[in-house]
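Just so it is clear: in the sequence shown, position 88 is 88 by our numbering, and no numbers are missing.
Rather than coming from a laboratory, the hints here were simulated on the basis of the structure. Remember, it's a predicted structure, so these values are computed and weren't measured experimentally. We put the CB at the ideal spot given by N, CA and C, even for glycine. Please note that a few of the clues may not be correct.
Claimed, not checked - Derived DSS-like pairs (lysine-lysine); straight-line CA-CA distance at most 30 Å:
#, residue 1, residue 2
1, 90, 47
2, 3, 47
3, 3, 44
4, 58, 6
5, 6, 44
6, 90, 58
7, 58, 3
To be verified - Just the calculated beta-carbon pair ranges, DEER-fashion:
#, residue 1, residue 2, range
8, 22, 60, 16 to 24 Å
9, 20, 55, 20 to 28 Å
10, 80, 9, 21 to 29 Å
11, 86, 21, 26 to 34 Å
12, 49, 17, 30 to 38 Å
13, 94, 16, 35 to 43 Å
14, 35, 71, 19 to 27 Å
15, 65, 42, 50 to 58 Å
16, 21, 62, 13 to 21 Å
17, 62, 101, 38 to 46 Å
18, 22, 44, 14 to 22 Å
19, 20, 42, 14 to 22 Å
20, 61, 92, 14 to 22 Å
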Amino acid sequence: MFKDQKCTYHRRGGQWITCRSHASLQGYGNVSVSVTVDKARIQKDLKFEYVEDPTIIKLEPEWSIFSGHTPVTVTGTNLDIIQSPLIRAKYNGRETVNVSRTLNPSARAWSMRGQRHL
């Protein structure tokens, strides 16, 4: 639990549990963490921090050449908190997904494939 909110179970390993948090009811900031398994409850001095959602401010360039391979830069806020940043491109019903690289906390870059690769 994150304060009074449940965290939906996702998966586990021998030494860890992964859950998906829900939107914060109290806004941004730290909340205490507790774990309950069957009737056992563990509450340690662990903290989880809710931060502002990422926002996209700018996409550059706003065009590309037909052969592709144009680096696309997305600029915004809190982009560094995204665990698996992907960008999708779709043209004539064909789609490709690309993984980004971090330029800095407010910018990520993708290399987009050309039409012949879609």
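Results for each hint:
1. For the hint pairing residue 90 with residue 47, the CA-to-CA distance comes to about 40 Å; that exceeds 30 Å, so the pair is violated.
2. Distance check on the hinted pair: residue 3 and residue 47 sit about 9 Å apart at the alpha-carbon level, within 30 Å; holds.
3. Of the pairs offered as hints, the one joining residue 3 and residue 44 holds, with about 12 Å between alpha carbons and a cut-off of 30 Å not exceeded.
4. Taking the CA atoms of residue 58 and residue 6, the gap is about 35 Å. The hint is violated against a cut of 30 Å.
5. Between residue 6 and residue 44 the CA atoms are separated by roughly 16 Å; this keeps the pair inside 30 Å, and the hint holds.
6. Our distance criterion of 30 Å between C-alpha atoms is met by residue 90 and residue 58, whose separation comes to about 19 Å.
7. Restraint check for residue 58 and residue 3: not satisfied, since their Cα atoms lie roughly 35 Å apart, outside the 30 Å limit.
8. At about 34 Å, the CB distance of residue 22 to residue 60 disagrees with the hint of 16 to 24 Å.
9. Distance hint check: the CB atoms of residue 20 and residue 55 are about 21 Å apart, consistent with the given range 20 to 28 Å.
10. Between residue 80 and residue 9 the beta carbon distance is about 26 Å. The supplied range of 21 to 29 Å therefore holds.
11. Range check, residue 86 to residue 21: about 20 Å between beta-carbon atoms, so the 26 to 34 Å window is missed.
12. For the pair residue 49 and residue 17, the beta carbons lie near 18 Å from each other, so the given range of 30 to 38 Å is not met.
13. Restraint check, residue 94 to residue 16: a C-beta distance of roughly 38 Å satisfies the suggested window 35 to 43 Å.
14. Judged by the Cβ atoms, the range 19 to 27 Å given for residue 35 and residue 71 is violated: they are separated by roughly 43 Å.
15. Hint check: residue 65 to residue 42, Cβ distance near 56 Å, so the stated range 50 to 58 Å holds.
16. Taking 13 to 21 Å as the suggested C-beta distance range, the pair residue 21 and residue 62 does not conform, at roughly 34 Å.
17. Judged by the Cβ atoms, the range 38 to 46 Å given for residue 62 and residue 101 is violated: they are separated by roughly 20 Å.
18. Hint check: residue 22 to residue 44, Cβ distance near 21 Å, so the stated range 14 to 22 Å holds.
19. Roughly 19 Å separates the CB atoms of residue 20 and residue 42, a value that falls within the hinted 14 to 22 Å.
20. At roughly 20 Å, the beta-carbon separation of residue 61 and residue 92 lies within the given 14 to 22 Å, and the hint holds.
Hints 1, 4, 7, 8, 11, 12, 14, 16 and 17 from the list above are not met by this structure, while the remaining hints are.
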